[in-house]
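As given, the protein sequences belong to chains A and B, one line each in that order.
Residue numbers for the first sequence follow the working numbering, so the first one is 1 and each next one is one higher.
Residue numbers for the second sequence follow the working numbering, so the first one is 1 and each next one is one higher.
No lab work stands behind these hints: they were computed from the structure.
All C-beta atoms in this analysis are idealised placements derived from N, C-alpha and C, irrespective of residue type, glycine included.
You may find that some hints are simply not true.
Taking beta-carbon pairs under 7 Å as the criterion, some of the chain A residues facing chain B (in silico) [to be verified]:
(1) G119
(2) V123
(3) F130
(4) R150
(5) M155
(6) A159
(7) S163
(8) F164
(9) F253
(10) V293
(11) W297
(12) A313
(13) L320
(14) P327
(15) F331
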Amino acid sequence: MELLNAFILLSNFVLVPAIAYGSQLALGALGVTVIYGILRFSNFAHGDTMAFGAMVTILFTWWFQSMGISIHPLPTALLALPFGILFCIGFVLATDRVIYRFYRRQKAAPVIFLIASMGVMFVTNGIVRFIIGPNDQQFADGERFIIKARTFKKMTGLAEGLSFKVSQGITVVTAILVVIALFWFLNRTRTGKSMRAYSDNEDLALLSGINPDKVVMVAWIIAATLATIAGTLYGLDKSFKPFTYLQLLLPIFAAAIVGGLGSPIGAIAGGFVIAFSEIMVTYAYKKFIAYLVPESWEPDTLVQLLSTDYKFAVSFMILLLVLLFRPTGIFAGKSV
Amino acid sequence: MIVTLLGLACFALLVVSLAPRLVGLSPLPDRIRNVSLFAIMALLITIVGLIQSWNVALALLNLCLISSIMALGVNIQWGYAGLLNVGIMGFAALGGVAAVLISADPVADAWAAGALGIFVSFILAVVTVMATVYAYRNMAPSMARNLALFAIIVIGLIAIRYFYGPAKDAIEDVNPASEGYLGGLGLPIILAWPVGGVLAGLAAWVIGKTALGLRSDYLAIATLGIAEIIVAIIKHEDWLTRGVKNVSGLPRPVPYEIDLQQSQWFVDIATRLGQDPALSSSVFVKLCYAVLFTVVLLAVLWLSERALNSPWGRMMRAIRDNEVSANAMGKDVVARHLQVFVLGSIVVGIAGAMLTTLDGQLTPGAYQPLRYTFLIWVMVILGGSGNNWGAVLGGFVVWFFWIQAEPIGSWLMQTLTAGMAEDNALRVHLLNSTAHMRLMTMGIILLLVLRFSPRGLIPEK
Numbered sequence: 001m002e003l004l005n006a007f008i009l010l011s012n013f014v015l016v017p018a019i020a021y022g023s024q025l026a027l028g029a030l031g032v033t034v035i036y037g038i039l040r041f042s043n044f045a046h047g048d049t050m051a052f053g054a055m056v057t058i059l060f061t062w063w064f065q066s067m068g069i070s071i072h073p074l075p076t077a078l079l080a081l082p083f084g085i086l087f088c089i090g091f092v093l094a095t096d097r098v099i100y101r102f103y104r105r106q107k108a109a110p111v112i113f114l115i116a117s118m119g120v121m122f123v124t125n126g127i128v129r130f131i132i133g134p135n136d137q138q139f140a141d142g143e144r145f146i147i148k149a150r151t152f153k154k155m156t157g158l159a160e161g162l163s164f165k166v167s168q169g170i171t172v173v174t175a176i177l178v179v180i181a182l183f184w185f186l187n188r189t190r191t192g193k194s195m196r197a198y199s200d201n202e203d204l205a206l207l208s209g210i211n212p213d214k215v216v217m218v219a220w221i222i223a224a225t226l227a228t229i230a231g232t233l234y235g236l237d238k239s240f241k242p243f244t245y246l247q248l249l250l251p252i253f254a255a256a257i258v259g260g261l262g263s264p265i266g267a268i269a270g271g272f273v274i275a276f277s278e279i280m281v282t283y284a285y286k287k288f289i290a291y292l293v294p295e296s297w298e299p300d301t302l303v304q305l306l307s308t309d310y311k312f313a314v315s316f317m318i319l320l321l322v323l324l325f326r327p328t329g330i331f332a333g334k335s336v
Numbered sequence: 001m002i003v004t005l006l007g008l009a010c011f012a013l014l015v016v017s018l019a020p021r022l023v024g025l026s027p028l029p030d031r032i033r034n035v036s037l038f039a040i041m042a043l044l045i046t047i048v049g050l051i052q053s054w055n056v057a058l059a060l061l062n063l064c065l066i067s068s069i070m071a072l073g074v075n076i077q078w079g080y081a082g083l084l085n086v087g088i089m090g091f092a093a094l095g096g097v098a099a100v101l102i103s104a105d106p107v108a109d110a111w112a113a114g115a116l117g118i119f120v121s122f123i124l125a126v127v128t129v130m131a132t133v134y135a136y137r138n139m140a141p142s143m144a145r146n147l148a149l150f151a152i153i154v155i156g157l158i159a160i161r162y163f164y165g166p167a168k169d170a171i172e173d174v175n176p177a178s179e180g181y182l183g184g185l186g187l188p189i190i191l192a193w194p195v196g197g198v199l200a201g202l203a204a205w206v207i208g209k210t211a212l213g214l215r216s217d218y219l220a221i222a223t224l225g226i227a228e229i230i231v232a233i234i235k236h237e238d239w240l241t242r243g244v245k246n247v248s249g250l251p252r253p254v255p256y257e258i259d260l261q262q263s264q265w266f267v268d269i270a271t272r273l274g275q276d277p278a279l280s281s282s283v284f285v286k287l288c289y290a291v292l293f294t295v296v297l298l299a300v301l302w303l304s305e306r307a308l309n310s311p312w313g314r315m316m317r318a319i320r321d322n323e324v325s326a327n328a329m330g331k332d333v334v335a336r337h338l339q340v341f342v343l344g345s346i347v348v349g350i351a352g353a354m355l356t357t358l359d360g361q362l363t364p365g366a367y368q369p370l371r372y373t374f375l376i377w378v379m380v381i382l383g384g385s386g387n388n389w390g391a392v393l394g395g396f397v398v399w400f401f402w403i404q405a406e407p408i409g410s411w412l413m414q415t416l417t418a419g420m421a422e423d424n425a426l427r428v429h430l431l432n433s434t435a436h437m438r439l440m441t442m443g444i445i446l447l448l449v450l451r452f453s454p455r456g457l458i459p460e461k
C-alpha cells in the first residue's frame, strides 16, 4: 500500500506533468528541427512564432466564447486552433517571402539567417505585445479535470490522489496525433520524401529535380503548424504570457540539440529528456521517501536536488553535457 | 518641436549614410561621412539638452557611452571573429554582481552566521566537479563508470546542500529588511569595473571551452542559456545579491549632489554662472560620470583599434573569412576563437559593472534579454560589424532612439488617432501599447540594415 501511494504521488507530481510538458517541448523542438533540417539555421524566432500562433488562437477563442460557441467539455481553444494555425502559416510565409528568401538567393551563411531570425523575433514579439499586451491571458474553459485528486482517492481508497487535467490529456493526445501525421507525411508522401532528401543532401536533391521553393514553403508550413499547436497547448496547460515563450526558447533548443538537430525522432526524445530531467531534478522527494522508508528514517529536508527557480539551468546543463560528449545528439543529427 | 527636430536628424543620418548607396550615387568619402555621422549624433544630444534639459541630455549621453562600450565588446566577438554571442545580458549582469561584491559594505553578522558554510559548500562543489572529471578520464567507458559518475554527482549535490542550506538561511535571516546578504568588500566601486570584466571573462571561458569548435549556432544557444542562468542566480541567491530585493545605495566614484550643494566653492561657481545650485549639482555629477565613462571608452577603443590593426587582428579576420584556409596555414582556430570570445566578454563585463555603478543599485529584475542582448546586437549591426568606430556610433544612435522612441511613438499615435473619438477603444489600445512599438522598431531597423546595408553605417575597411 505504501509503495502504491509512493508511486501515485510520483505520478501526480512528476510523471503526468512531465509527459505533458515533454509533449509541448517535443512539438516545439520538432518545429525548430524541421527548419534546421531544410533551411539550415537555428530559428530564434520560433518561441515568438509559438506566441503569435497561440495569440491568434486566443483571439478566436474569445470571439467564439462571446458568440456562445463551445464544445463542452473540451476547451473552445481547440475549435479556434485551426484558425490560429492558418494565420500563423500566413505570417510565417510572409516573413519568409520578405526576409529569408533574399538571403537564400544570396546563399548567405547560416549565421546571417540566425541574426535575421533575431530581427523577426523582435518584430513578432512587438506585434504580439502590441495586439494582446504583455500580461497573462486566461482562455481555458470547459471541464478542468479528467480525474480529480479527490475522486481518485475515493475510488481507490489510497491516501494519495492522482489528478489528470483536461489540458494535459489534450496535450498528450494532440501531440501523438500530430507526430503520427508528421511521420506519415515525411515517410509516405512524395513531398515528405523530397523534404527528407533535401535535408540529407541539398545538391543531390536539386539535381533530381526537387523544387527547393516548394520544400522550403512546406517546411515553414509545418513549423508554423507545430508552433501554433505547441504554443496553444502550453498556454492551455499553464497560461499565456508573451514573455514565457521567449524563455521557452532555451529548453526547446536544448531538446532539439539533445535529440540531434535535424532529426525529428530526436526532437521528440529530446523534448521528453529535457522535461523529465527538469521536473525530476526540481521535485522535492521528502514525501515520496517517507512512504518508502520506516518512519524513523524520514528525512527532515525537502530532498530537492535543485530549487525550481533553476529549472532552466537543468536544460542548460544537459545541453552542455551533450555538446561536450556527443555534439551530434542522441540520434546523430547534423553537427559541425 | 522636438519630434520635428528628431525627424530631421534621422533624415540627415539616412542621407549621409545610406541614401547615396540606395539611389546609386557614389557614397561620400569615408572620413567626411564618419565625421559628419558623429557630428549629427553630437548635435542630437545637444538638441535634447537645449529643448528638454541638460540633465536629460547628460543622462542619455552616459548610457550612450556605456552602450558603446558593450557594443565594442560584442564587435570584438562578432566583427573580428564572427562569433555569435546571444548572452550579452549575462555578462553584463556579472559586471553588476562585481559592483556589489566589491563596493557594498560587508555585513559582519551575516559573515559570522554563514560565510563558513557557504565557503565549505563552494569547496565541495569544486571537489565534486574535479572528482567527476577525474572519474570520467580515468575509468574505462562502461556501465560502472556511468554509475560512479552518477553517484559522485548525487552525493556531491547532497553534501553541498547539507552545508549550503543552513548557511544560506542563516545569512538571509540577518536583518532581512535591509541586509540579509553577505555584502561586499567595501572597496571603491571603480575597482569593480576590472573585476566585472574578470568574472565575465571566466564565464566566457567556460562557455567557449564547451561550445567553440562546434557549429556556430551552438555558441549562440549556449550563450543564450548561460545568460538566463546567471540572471536566475542573481535573482534567487538572496545571500549573494539580495535577489529581487535589490542592493541599493552602492557607493559612487563621484561626489554626491547633496555634498556639492553644501560646499561653498560649488555654490559660488554656480551663482557666478547664474545657475541654480541644486540643478547644476546634478548636472555636475552626471558630467563627472561622463568623463569617467569617456576615459574607459577611449581606452577600450584605442586598445581595440590597436588589436584590429595588428598581425593578431589580421589573423582574426583571416580566420573569420575562411576558417579552413586559416587552419591550413597553421592557425589554431578554436584557441583564437576562445581568446577573442573571452576578450569581448571582458569588455561587456566592464560595461555591465559601469552600468550598475551609474544606477547606484543592482536590480536583478531589470535584466531583460531584449534590452540587454538584442538591443546591443542592433547597435553592432547598425553601426557596422567589424568596425570599432561603427560599434561606438551604433551604441550612440540606437540608445538615443531607444530612449526617444517613446515620445516619438506617442506623438505618432496621437497624430494618427487624432480623428477618432476620445474614448474609442481602438484609440485607447493604440495609445497604451506605444511602448511595445519600440521593440518592433528595433527589429525592423535590424532587418532593414541587414538587408539593405549589411555593412552598417561605418563599414569595415
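Note to self: Less than 7 Å between beta-carbons is the criterion; does A/S163 satisfy it with respect to chain B?
What the structure shows: violated, 28 Å
Note to self: Let's test the interface hint: is any C-beta of chain B closer than 7 Å to that of A/A313?
What the structure shows: Holds: closest Cβ of chain B sits about 5 Å from A/A313, inside 7 Å.
Note to self: Does the closest beta carbon of chain B sit nearer than 7 Å to the beta carbon of A/R150?
What the structure shows: violated, 33 Å
Next item on the list: With a cut-off of 7 Å on the beta carbons, see whether A/W297 makes it to chain B.
Entry: Because about 15 Å separates A/W297 from the closest Cβ in chain B, which is outside the 7 Å limit, the hint is violated.
Item checked: chain B contact restraint for A/A159 - C-beta distance below 7 Å -> violated, 27 Å
Check: When the nearest CB of chain B is found for A/G119, is that gap smaller than 7 Å?
Finding: At 4 Å from the nearest chain B Cβ, A/G119 passes the 7 Å test, so the hint holds.
Item checked: Interface hint for A/M155, Cβ within 7 Å of any Cβ on chain B -> violated, 36 Å
Note to self: Restraint: A/F331 near chain B, CB-CB cut 7 Å. Satisfied or not?
What the structure shows: Hint violated; A/F331 Cβ to chain B Cβ min 16 Å, cut 7 Å.
Margin query: The hint names A/V293 as touching chain B; please verify it with the least Cβ-Cβ distance against 7 Å.
Written below: violated, 15 Å
Margin query: Is the interface hint satisfied for A/V123? The criterion is a beta-carbon contact with chain B at less than 7 Å.
Written below: holds, 4 Å
Next item on the list: Have a go at the A/F164 hint: is there a Cβ in chain B nearer than 7 Å to its own Cβ?
Entry: violated, 30 Å
Next item on the list: Report holds or violated for the interface hint on A/L320, using the least CB-CB distance to chain B and a cut-off of 7 Å.
Entry: holds, 5 Å
In summary, the numbered hints that this structure violates are 4, 5, 6, 7, 8, 10, 11, 15.
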